[in-house]
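Visitor: Sequence:
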Amino acid sequence: MKDGESVAVTHLSKALKSLGCEITLLSMNTSKHYFDVTQLPETYNHYHQIYTVDVDNRIKLKDAFVQPFFQKTSYHVSRFINTSFKQQLITLLKTQQFDLIQLETLYLAPYISTIRQYSQVPVVMRAHNIEHEIWQRVAENTKFLPLK
375 MKDGESVAVT
385 HLSKALKSLG
395 CEITLLSMNT
405 SKHYFDVTQL
415 PETYNHYHQI
425 YTVDVDNRIK
435 LKDAFVQPFF
445 QKTSYHVSRF
455 INTSFKQQLI
465 TLLKTQQFDL
475 IQLETLYLAP
485 YISTIRQYSQ
495 VPVVMRAHNI
505 EHEIWQRVAE
515 NTKFLPLK
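What the sequence shown shows, in this note's numbering, is residues 375 to 522, in sequence order.
Hints should not be assumed to be uniformly reliable.
Here are the simulated DSBU-like pairs of lysine-lysine, each with C-alpha atoms no more than 30 Å apart in a straight line [claimed, not checked]:
{"#": "1", "residue 1": "K460", "residue 2": "K434"}
{"#": "2", "residue 1": "K388", "residue 2": "K460"}
{"#": "3", "residue 1": "K468", "residue 2": "K388"}
{"#": "4", "residue 1": "K391", "residue 2": "K446"}
{"#": "5", "residue 1": "K446", "residue 2": "K460"}
{"#": "6", "residue 1": "K406", "residue 2": "K388"}
{"#": "7", "residue 1": "K434", "residue 2": "K406"}
{"#": "8", "residue 1": "K406", "residue 2": "K460"}
{"#": "9", "residue 1": "K391", "residue 2": "K406"}
{"#": "10", "residue 1": "K391", "residue 2": "K460"}
{"#": "11", "residue 1": "K446", "residue 2": "K434"}
{"#": "12", "residue 1": "K406", "residue 2": "K446"}
Everything labelled a hint here was simulated from the structure, so no lab data went into it.
Model the full assembly from the supplied sequences, consistent with the hints where possible.
Guide: Written as structure tokens, this is what we have:
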């Protein structure tokens, strides 16, 4: 567990498992928090299934500078839009039944329309911290346009 989000996700999923829930995890294996899935410790055995998709979400200065002029999507959100992740999500939604789908970050919001297309179960989004406030402060206090 490399950050607060992964700690929160793990603790919540363990609590839900202790209440009798069956948890399937679909996770982006990002460049910033990359991990070798084959090396997951035994403490992750509370998940019924784990699926990961490698996602290169590194900040690219050229894209950060150019994108705000041509797209409506936030550059920070766009770094988490990934065709392979979307396809894995669709596969899971087509092949499994879920009672609830929980999104663990605002960066997964672009996938809500895909979820709605393949499932009618409730979708819950949980924000873990004040990262949006951090980015707001960066934008307000920087003169470097790509960071805005």
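Visitor: Confirm or reject each hint.
Guide: Hint by hint, here is what the structure shows:
1. For the given pair, K460 sits about 22 Å from K434 by alpha-carbon distance, which is consistent with the 30 Å threshold.
2. Between the alpha carbons of K388 and K460 the distance comes to roughly 26 Å, so the proposed pair stays at or under 30 Å and holds.
3. At most 30 Å may separate the alpha-carbon atoms for a hinted pair to count; K468 and K388 meet this at roughly 25 Å.
4. Of the pairs offered as hints, the one joining K391 and K446 is violated, with about 39 Å between alpha carbons and a cut-off of 30 Å exceeded.
5. Simply put, K446 and K460 have alpha-carbon atoms about 20 Å apart, close enough for the 30 Å limit, and the pair holds.
6. Among the hinted pairs, K406 with K388 is consistent with the structure: their alpha-carbon atoms are about 24 Å apart, no more than 30 Å.
7. Restraint check for K434 and K406: the C-alpha separation of about 13 Å stays at or below 30 Å, so the hint holds.
8. For the hint linking K406 to K460, the alpha-carbon distance of about 19 Å falls within 30 Å, and the restraint holds.
9. A distance of roughly 28 Å separates the Cα atoms of K391 and K406; the hinted pair therefore holds under the 30 Å criterion.
10. Taken as a hint, the K391 and K460 pair is honoured in the structure, with Cα atoms around 26 Å apart against an allowance of 30 Å.
11. Using a Cα cut-off of 30 Å, the hinted pair K446 and K434 holds, with the two alpha carbons roughly 18 Å apart.
12. The hinted pair formed by K406 and K446 meets the criterion: a straight-line CA distance of about 24 Å does not exceed 30 Å.
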